[in-house]
Every structure is written in C-alpha cells, then in structure tokens.
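From first to last, the protein sequence lines stand for chains A and B. For the record, in the first sequence the residue sitting at position 171 is 151 according to the numbering used here, with numbers rising by one throughout. For the record, in the second sequence the residue sitting at position 172 is 1002 according to the numbering used here, with numbers rising by one throughout.
Hints may contain errors.
Not the full set, but computed from the structure, chain A residues with beta-carbon under 8 Å of chain B [said to hold, decoys possible]:
(1) E102
(2) Q134
(3) T149
(4) S192
(5) H377
Since the hints were made in silico from the structure, they are not lab data. Beta carbons are placed, not taken as given, at the ideal position from N, Cα and C, and that holds for glycine.
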Amino acid sequence: MKRTIILSLFLILALALAACGGGTTAEPAAQPAANDAAAPAADQPADTEAAAPAATTETMVIGFTASQTGSQNVASTGQVNGLNLWKDTVNAAGGIELPNGTKVMVEFVSYDDESNTDRVQELYTRLATEDNANFLISPYSSGLTAAAAVIAEQYGKVMITTGAASDDTYKQGLTMVYQAYTPASRYLTGAVDLLEHVDANAKNIAFVYENSKFSTDVVEAARQYAEGKGYNVVLAEGYDPETTDFGPFINKIQDAKPDAIMGGGHFQDGSTFARQLNEKNIGVSFFALLVAPPEPDFADLGEAAVGVVGPSQWELQAAFTPESATAAGLDWYGLLGEEFVQGYEAKYDGTEPSYHAAGGYAAGLILEKAIIDAGSTDPDAVRQALEAMNLLTFFGHIQFDTTAEAHGLQTGHSMVYIQWQKDASGNLVKEVVWPLEGATAETLYPAP
Amino acid sequence: MSSPNDTQLAATDTKTGLSAVLAQNAGSFVGLILPVAIILALTIWPTITGKDITRESIFTIMLSIALASSLNILLGYTGYVSFGHVVFFGLGGYVGFYLMAVQGWSLWLAMPMGGLAAGLLAFLLGKAILRLRGGYFALATIGVNEAMRAFINNFKPFGGPVGMTLNFQVYKDYGGAARALSLAFYILAALTLLIVIISYLVRTSKFGLGLLAIREDEDAAEVMGVVAPSAKTWAYVLSAILPGIIGVLFFFKNGSIEPVPAFRLNFSIEMIVMVMLGGQGTVLGPIIGGVGYQSLRGFLLTSPLFKNIQLAVAGALLLVIVLFVPAGLVGWLRNRFPALRRVLQ
Chain A
-19 MKRTIILSLF LILALALAAC GGGTTAEPAA QPAANDAAAP AADQPADTEA AAPAATTETM
41 VIGFTASQTG SQNVASTGQV NGLNLWKDTV NAAGGIELPN GTKVMVEFVS YDDESNTDRV
101 QELYTRLATE DNANFLISPY SSGLTAAAAV IAEQYGKVMI TTGAASDDTY KQGLTMVYQA
161 YTPASRYLTG AVDLLEHVDA NAKNIAFVYE NSKFSTDVVE AARQYAEGKG YNVVLAEGYD
221 PETTDFGPFI NKIQDAKPDA IMGGGHFQDG STFARQLNEK NIGVSFFALL VAPPEPDFAD
281 LGEAAVGVVG PSQWELQAAF TPESATAAGL DWYGLLGEEF VQGYEAKYDG TEPSYHAAGG
341 YAAGLILEKA IIDAGSTDPD AVRQALEAMN LLTFFGHIQF DTTAEAHGLQ TGHSMVYIQW
401 QKDASGNLVK EVVWPLEGAT AETLYPAP
Chain B
831 MSSPNDTQLA ATDTKTGLSA VLAQNAGSFV GLILPVAIIL ALTIWPTITG KDITRESIFT
891 IMLSIALASS LNILLGYTGY VSFGHVVFFG LGGYVGFYLM AVQGWSLWLA MPMGGLAAGL
951 LAFLLGKAIL RLRGGYFALA TIGVNEAMRA FINNFKPFGG PVGMTLNFQV YKDYGGAARA
1011 LSLAFYILAA LTLLIVIISY LVRTSKFGLG LLAIREDEDA AEVMGVVAPS AKTWAYVLSA
1071 ILPGIIGVLF FFKNGSIEPV PAFRLNFSIE MIVMVMLGGQ GTVLGPIIGG VGYQSLRGFL
1131 LTSPLFKNIQ LAVAGALLLV IVLFVPAGLV GWLRNRFPAL RRVLQ
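All chains, please: the whole structure from these sequences, using the hints.
The structure is reproduced here in structure tokens:
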C-alpha cells in the first residue's frame, strides 16, 4: 500500500510537471485536419468557381504536421499561419491556374506532431498513403524534418522544407526534398562579412552559443568561415539551453578580450544573454545573436537591445521587388512583401508576421510556381521544375542544389542582418544593415 | 554483505529455476496463450489490411508494449520504480546508431551491440544504485538519465548536440526505404514476442518468485534466502537489454538521432503509466496497457469533445486508475474472477 502511495505521488507530480511543460508529454496521435478556421475559406471559392464558366478544376492535397503543442509551438504556429494565408490566397483566386487552363485548388491535411519525433513517421505515412497527399511540407525544426524526409523519399512525394535549416538532412542522398530556408551553415557567415566591412582592424571573435543541434551547426560553420578569413577565435563556449545566469561566460569573454561576440541560440536565452552583457558593460563593439533579435519582442530589452545584430530569414525592410529581380536577371514571382504583411495582419488580427510565417508562405509559393512551370501536379514534372527553379520572391532568391552530394539544399536564398538602433526621437527601431543592397541604415559601430 | 559467489549462485539459481519451470509446466503454458495471440494478431494485421499506415500505427503500439514489458520486469515483478528507463533506449540507440552511421556496421550487428551497451550500463548502475529503495531509487534513475543526456551532449564522437544522421543510401542495403521500414516492423514484432516470452518465463521461474518476494518485503526475502542485490541487478539488466536493442531499431527507422529525443524523460513516465494501466507484475498487463494507453490518447486527441482538454482528461483518468484500481486492469480481473487466473498471467 505504501508503495502505491509513493507511486501515486510520483505520477501526480509527473503529470503536474507535464501540464506545466505546455503539453510536451502528450502522446502524439492522429488529429485530422485541424485547420477548422481555414476550412470554410476553402469551401467558399469552390462555390464561386461552380458559378463561373466551366474550367476544369482539380484539387490537390498538401500534407504536413504542425507542432500545436510542445516546445516548437510558437515558431511552428507562425509557419502554419503563413501556409494557411497562402492557401486562402490561392483558393480565393480560384486555384492555381496551369498553362492549359486547369485550375488547381489547394486542400490541407495536417496533424499535431507535438514537437517530438515519436509519431512523425507514422503521421507522414498517413499523409502519404491514407490522405493521398500530392505534396508534403516539412514540420518545423530540423530533427522532425529528418524523420519526415525518410517517409517523403519512400513514397516518392516532393517535400518542401521550411523552418528546417540544418545542412545535414540534405547531405544524405535524398532526392525529393527541397529547402526554402538559408541553411544553418550560412546563418552567421554574413555577420563575419559585416564585421569585416565595418572594422578592418577587428581580429578576435568569441563564440558563445546554446548547446543545441541548430546553434552548434551554425557556429561550427561560422567559426570555420571566420578562421578562413584570418580571424582568431579567442573563445568558443557552448551553454546549456536552460542557462539563466551568463555571469561565468561573460567573465570568460572579458578575459578573452574579443572584438566581437557571436552566438546565442533561441529567444529566451538570447535575450537574457544580451541583457546581462549590457549590465556588465564589458565594452565589446560588435554583438551578433541568433534567432532572438529579429523577433519584435526583443525591443522589450530597451537599452540592452541597442546595437545587437541578428540574422533573419526575411525582413520586410529588405524589399525584394520585380525591379530588383530584373536587375539581378531573375524571374519574379508572387506578391510583394507589403502585400504579404497586409494580408497576414488582416487574417490574424493585426499580428505582425515573423520570418517563420514568411517561410511558411514561401514554401507554398515555391510549390505553386513549380506546379505552374510543370503544367501539372505530376511529381516528376514538379521535381524537374524545382530543379530548374531560379526565382526571386518576396522571401528572397530561391534556387536549389542539384548535385547528388547536397541535393535540395538552398543555394540562392541568403540571410539579411538586422540591428536594433535608436531613431531621432529615441525609439528603438529594427534596421537592416547587411547585405548592403538591402540596407536601410548604416551599421551602428561600435555598439554602445 | 554479498560475496562475489552470490552472483554466481543467483545465476545458477536462475538456470535451475528456469529449467525446473520448463519441466513442471510443460503443456501448461496457458498463461502465455493470450499474450502471444495478441502479439501475433498485431503482427499480421498490417498484412490483412494491406495498408502501410496500419503497420506504422502498430509499430508505435508494439514499441510501447515491448518497452512497458521490459520495464515491468523491474517495476512489476521487483517493485522498483525506474523513472529514467528511457536512458537504456537512448544509450542503446546511440551506440547502435554510431556503429551504423559512422562505422558502417549493419543493423543486424548494431542491434545486439546496442542491447549490450544498455545491459552493461544497467549492470554497473544496478551495483551502485539498486541499494537505494523506494522513492530514492526512483530519484536516482532520473538523475542517471539527465547525466547521460548531458554526457552525450558533450561527447564529440556521437556528434554532441548536433547528433548523427544516417545516409539514406544505407536503406538500399535492405532493399530500399520501403523494405527497410517494413523489415523494422517485423524485427520489432519478433523482439516484442521475445520480451513477452521472457517476461512469462521470469514470472513463472524461481528467479521470478525471488523478485516477487523482494517486491513484497525485501528484508523478509533476504531472510528467506533470496540474494536480493544480485537478483535485483539481474532483473535490472534483463529489463534494460531489450530497450537498448529497440532504441537502435527506432533510430535506424527514424534516420537521425539527437540527445533530446533520445533521452526524453516523459517517455519513461509514459512507460510507467502503461504498466500500471494494464496491471503491474503480470505478463498480460503491459500489453493491455500499451494498446489501451495509445488508443486512449489517440481517441482523446481526435475526439472533438476532448481535443482541447485531452491532457487534463488523460491525467484525471490515470489518477482514478492509480487511486482506485492500483492493480491495473489485469490485476483487477484476476482479483474479481479467480477462475481466470490461469489464463490471465
């Protein structure tokens, strides 16, 4: 009996912990099409279509899993919102119009993967075989995407990945998977270029980063790049994802006397790091952090945010337009950045889109263009269209690696780098500082 | 307290115990009929429906059954709650994955090595932490899992925080991805069957009786001649080997491995829940628990009524079970209908 009581107490405790953890324990299970809000929107255009003069209309199914619960929930929700906006836009226009006049309506089937890999393969198998998805979109995060890619490959389904930056996945001999994001290996390399641009005398860099798959991938690549350019890496230190006290790391940075600090990981740790660094005021002139700075909430740090540089997959300020496409000798496709933001804010009660949302929309857009180029939804034809794609969209340049070594890796898109600065009236503003073509302001250097 | 001879003694005990049971019970493996029938039915079900999705769903269920049955040897028979049992799944998976992805070994060789690594870890840990009892042991197992994850996170040969990815070409050796996934399913089915049979043999052996005695009263058991430290260690090792092998299989199928999904503490808790749901200390219990738990969660997640409060509903149901049916479904049936006891082992 005593043992039962102990066990009961443990289980209660465990369940309480699980509940606090935002549902990370929840065992993933098939949850058919949770896009309740989007479903009526899909029906409406179908009705207007019926009234219009007869053009052949097909429906294609796109399948993906979303992290409706668990640790990736926030980023994944942005991504799915972006995707839903794309679907509504396409269906409101009566579908994707193929060169032969056929219109292809889009239907989504999605399940909750609860941010863990346990059932990702099961759910993607369901999407591929039961729901007869014509195309797949990746889950959010590289780990889940790697598991889903095995299934996409097995059933010969084209999968556009978004929110999955890690390079590894695309170096495993896959043939059906195409990446929308700039890969992790090029996340921070631009920050090194920027440093070189603003200060030719800077020589020492300290890397302090979260001990996670993504951040480590990013920093390893940036470090190699920096060393190749002749920089000295005076400190390379990983910290635990749950770190809340960066004191010991800041002390080490102080001892190493770097000209620049690069690293970070995700939002929480990144903003804490920035705040504590500001409090200690150790006088480093250049500070670049992953993920956190592009988020609008980063401005809550106030003074501590000023001067912080961050890579972003997409920023409205770095405007890509049909004119810039012509200038670069690329085809332009899709809507303008402003139109995306307007559409997004209208659909989601004024919420500002993050780059994850733009990435979700871009994934849909890439697929849409490939289907038009292919003239059908035949997987092989779409694959060929993707291989040949060389495109400028509101999200940026899109081109895929077609070699066997890194098939599907994004080679066209590149990061933009933002920096928090103060405008004339002392308000914090996010300015694009790199690449120079898209810059909206001079880099604040040295950072205060 | 225990001399080196104890281990040997216990080992011989086990051996004679097992063969004695085999002799005694020849023709009376009635209790094994139901568990084996369920596993076989689950195994051939995908062939009947001819659908890949059935195979994938049953893969998840089988995984639960096999892990819960393994844990049951320690939790159900011996009465020691291991909260960090996923450490064996993760470590075995890591060792096997490393051998396949980096050293180019085949799945067939990597699986036993994963099991060996898990068994070895359990042996060493058993010597150290099985002296702790009750809640203290449970806490220690959580610590072991966290420590192992931190270690792997900083262990460069295993890829550190980045983990490892399997080259897709590897599946070609097994006749392509489709064949490899199907092969993984049948291997898992065979392993599940194996653990269920082992679980039955342990339960009906003298070794198993020793474990049950430890569960009821460890001091009294020692007085009666059960060499508790070594019996517990072997139970721990036995419950760790299969999760290690299954870890290799799971991550082979998954195509990549990272520290966080490999050592997910919540997975351990789910295993305990499944064992308790079905009935700890019985052969059939973890099977019923695995099938029941996964079906329940699936139902709650998809049901429009419970979709948004599924965690709360699942939590409340589990509380009710722990408080009012502590023996689990199989235990309750055994108490209620003594006539069925031979069948419901």
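*Once the shortest beta carbon distance from S192(A) to chain B is found, is it less than 8 Å?*
5 Å, holds
*asked:* Holds or violated: the hint that E102(A) contacts chain B, with Cβ atoms closer than 8 Å.
replied: 4 Å, holds
*Under 8 Å, Cβ to Cβ, is where Q134(A) needs to be relative to chain B, so tell me if that hint holds or is violated.*
Check passed: Cβ of Q134(A) comes within 4 Å of chain B, closer than 8 Å.
*With a cut-off of 8 Å on the beta carbons, see whether T149(A) makes it to chain B.*
7 Å, holds
*Can the hint on H377(A) be confirmed by a CB-to-CB distance to chain B that is less than 8 Å?*
26 Å, violated
Hint violations for this structure: number 5 only, all remaining hints satisfied.
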